[in-house]
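Colleague: Please model the complete structure; the sequences and the hints are all you need to start from.
Chains as they are written, first to last, in our numbering: chain A, 1 to 554; chain B, 1 to 334.
It is worth saying that the hints were derived from the structure and are not from the lab. Please read all numbers here as calculations on a predicted model, not as lab measurements. Keep in mind that the hints are not guaranteed to be accurate.
Stated by the list, open to error - Which bits of chain B does chain A cover? Going by a derived footprint, with three or more residues having C-beta under 8 Å, they are:
{"id": "1", "segment": "8-16"}
{"id": "2", "segment": "49-59"}
{"id": "3", "segment": "129-142"}
The beta carbon of each residue, even a glycine, is placed where N, CA and C say it ideally should be.
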Amino acid sequence: MKQVGNKNEAFSLKTRLKRLKRDSNRWSVFTLAIVFFLALPIIFIGVELFSGPGETWSHIVRYLLPEYIGNSLYLVFLCSILVLILGVSSAWLVSRFNFPLRQQMEWLLILPLAIPSYIVGYAYAGIFDYGGSMNLLFRQLNLDFIRIDIMNRAGLAFVLSISLFPYVYVSARAFFLNQANNLLEASKMLGVGEGKTFFRLMLPLARPAIVAGLVLVLMEVLNDYGAASYYGVNTFTTGIFRSWFSLEEPETAVYLSALLILIIFALILFEKWQVRKVKFSSSKTNSTQIQRKRPKKSMQWLIFSVVFLPVFLGFVLPVTQLIYWAVLTASTVFDMQFLIISLQSFGIAITSAIITVFFALLLIYFSKWSTLLSIKNIARVGVLGYAIPGAVIAIGIMIPTLALDKWLIKMFGNFGIDSGLIINGTLIALLYAYAVRFLAVAYNPIESTALKVDSSIPDSSKVLGVGNLKTFFKIEFPLIKTGVFSAVILVFIDVMKELPLTLILKPYHIDTLAVKAFEYASDEMVMEASIPSLFIIFTAMIPVIFLNKLLIKK
Amino acid sequence: MLTIDSLSKSFDKGKNYALEDVTFDLKAGHVCAIVGESGSGKTTLVRLIAGLERPDHGSISLGDKVIASLDKFVQPEKRKIGLVFQEYALFPHLTILDNVLYGISKLKNKKERAQEMLDLVGLSNMGKRYPHQLSGGQQQRVALARALAPKPSLLILDEPFSNLDAMLRTQLRNEVFDIIKKTEVTVLFVTHDTQDALSVADEILILQNGKVVQKDAAANLYVKPNTLYVASLFGSTIHINKNLQTAFSCPLKESCCHAIRNEKIKVNPSANDPHCEYITRAEVVKKVELGDSTQLLLKLESGEQLSVMTQDKNVADTINIGFNSKDILEFDHE
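Modeller: If you want it as structure tokens, here you go:
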């Protein structure tokens with residue numbers, strides 16, 4: 001009977017409290033502190049909701065909100081369809097068939113990710129402009145009765161899709177490459193044809209992977225400010241900007257942000273639900289590579305054209321347009337100031353990449369060293385920033401830092417010191433915001449390499465008498481170096497491309513290439529925007545290729 | 001030396017217990033094997049002792065010092081316990097010598113000590129190599145040298161031979177324990193293989209579903225197993241249930257559970273064999289030739305099936321089988 005006593009006792013409140021006291025260590029506290037720090041902007045938006053909406057809120061609800069919701073849903077819907085068609089078809093064709101330049105296509109299909117959507121938007125606006133190349137072409141062909149207007153929400157959906165479909169492509173291809181082969185062979189042995197195998201077997205099985213890629217696309221769609229504002233489409237994000245900058249009503253921006261967060265959470269729940277429904281798909285990676293079919297020559301060229309089309313539309317065409325503009329405007333844009341902006345952009349991106357990776361490392365290892373089980377789940381909350389649109393994070397940081405600065409100025413004022421704004425409108429707020437927004441970008445590659453290190457390795461270091469920190473520096477860090485390095489690069493690219501958050505939080509005397517491109521475009525100087533745009537694209541391109549190498553290795 | 005008192009651990013807040021109310025102690029200088037199937041809690045037990053997990057109840061003491069209880073937890077790095085992992089866990093980016101040096105960096109004559117350890121495990125010239133350049137058996141010995149270098153008071157080996165094939169296994173087992181005997185360290189040795197345990201351990205602890213079913217000297221476990229489960233771990237065993245009792249006409253105590261080892265069942269005993277009290281007739285259903293012996297699948301008149309081994313190559317279709325009352329194993333419960 002003693003055993004029963006032990007059992008009841010082991011999880012009685014008294015023993016639980018004793019264990020909580022025994023097991024809470026400083027790492028638990030540090031983890032909680034970091035998560036709180038990263039969640040602060042969102043918490044502030046929640047808190048600010050209680051101070052009531054602004055004066056124009058009822059006006060917005062009546063006249064603008066239906067448009068915001070309508071346009072955002074329209075974009076979400078149309079982009080979903082487009083990116084699914086582009087991403088899944090290219091992933092399937094590239095992994096299932098042999099055709100000319102297949103290997104090159106594999107990574108070329110990722111390149112559209114190197115161009116921020118708003119820049120693709122500028123390029124297409126130019127291509128379909130009255131004096132643009134498309135109209136010239138139509139005139140040459142005596143088809144000048146055709147007039148395509150792209151500056152509307154359908155055009156915006158096209159632009160966003162063509163630049164974001166690689167998210168779906170990458171995750172679908174990873175599934176097709178790693179998991180599909182034995183199923184494919186089984187299907188073949190059962191005498192099932194190619195088409196039926198794809199629609200009845202591959203598509204349903206790949207659904208969790210595809211949905212994961214799709215949700216990333218939709219988060220980016222809702223995050224977009226640059227393209228939507230240039231195309232004159234009112235979305236939630238442009239609404240937040242308008243209420244912040246034009247109406248100068250932070251309360252309204254907060255309310256819109258909260259609504260947008262709700263939509264995002266609905267998306268995340270949708271993903272979780274989709275993934276849970278398909279739990280039967282095996283998580284074991286298959287070591288055998290997918291066998292590629294070699295169809296007839298004419299068929300091969302058809303497949304090539306289908307796969308090349310998104311690369312052409314998403315990369316070749318916009319980049320060509322930008323290069324053409326760059327040649328025309330090079331003499332006016334290149335100057336000392338442009339060089340300084342490039343350097344600033346670079347410096348900010350690399351600094352924030354290092355800070356963000358540092359936070360990711362702290363979060364991963366502190367929560368590991370914390371012996372409370374619940375802490376490990378809480379740590380994941382710190383990663384949610386990636387789902388939150390940049391504009392929302394910016395608002396969530398702007399409001400508290402303004403209040404803090406006011407208080408600091410008053411405090412310093414008591415001592416006769418004029419401190420000015422310390423946090424708000426300085427790099428500190430901007431770097432903080434980047435860390436919140438891009439933590440997941442750093443966290444995921446580091447975590448996945450850290451998981452590959454068998455837990456017995458750090459364990460044996462500890463048993464040999466070496467503590468957590470020293471074990472990290474001597475054993476774990478050398479083993480996860482590549483993951484840390486790729487994390488730095490990934491965050492670096494994202495910061496280079498980032499626009500909405502930077503626009504709201506940047507110090508007034510500092511510019512980034514993204515902001516400069518946006519300013520040119522908004523000042524009716526879209527041609528001049530081409531040079532900063534190309535700079536962003538080329539810095540982002542090299543790591544995108546590198547990232548693909550990494551994906552192949554996996 | 002090592003004292004474990006009513007130790008419990010659950011990974012799902014008390015719904016299931018990986019370890020439940022485990023109590024035992026280990027004398028200094030002894031080699032104790034922990035035997036159990038996978039999932040019996042062996043690894044959880046050694047991780048608790050090493051400090052890699054925290055107990056939900058109970059305590060662990062090393063010498064006269066409590067190292068884990070509800071109020072106290074000594075970090076693994078402060079316990080001075082040596083642990084050799086199942087997968088060796090050598091640091092892949094460090095040389096063999098650096099691996100061995102790792103735990104003794106504060107020692108004055110660390111270089112000498114590390115070399116001494118490499119000599120001990122017979123890898124004197126391998127110090128500059130990296131783990132991936134070594135064979136599995138060599139890696140195993142490096143892991144042993146690394147664990148022994150800081151002179152631990154207790155050495156734990158977690159399934160050290162399970163990654164090796166049968167031939168290498170026996171050879172390496174002997175080598176490893178020859179080395180260990182030279183150091184006179186106290187050893188806890190986790191295995192699912194009773195042969196491993198019987199050949200090297202002074203005493204054996206049997207775990208089943210997170211509970212200790214028996215702890216005894218190796219010889220006693222064979223002769224006096226506590227439960228049918230323990231008996232069957234050390235050789236195949238037949239449960240003498242009610243039907244068998246009727247078939248052999250051997251009435252046994254009802255409150256107890258009885259069993260007989262397969263090897264104790266005699267095939268075609270002579271009619272007046274004094275060592276064969278209970279006899280019954282059986283039909284041979286199937287013969288399986290196993291080289292020097294034959295396995296017989298038998299069907300008794302009552303319909304019960306059982307299998308026995310025999311050296312006799314020419315058995316008839318119907319035979320007599322029997323056993324001695326002295327060979328019957330008696331347990332309080334199954």
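Colleague: Look at each hint and say if it fits the structure.
Modeller: Outcome of the hint check:
no.	hint	verdict
1	8-16	holds (count 4)
2	49-59	holds (count 7)
3	129-142	violated (count 0)
Hint 3 from the earlier list is the only one contradicted by this structure; the remaining hints agree with it.
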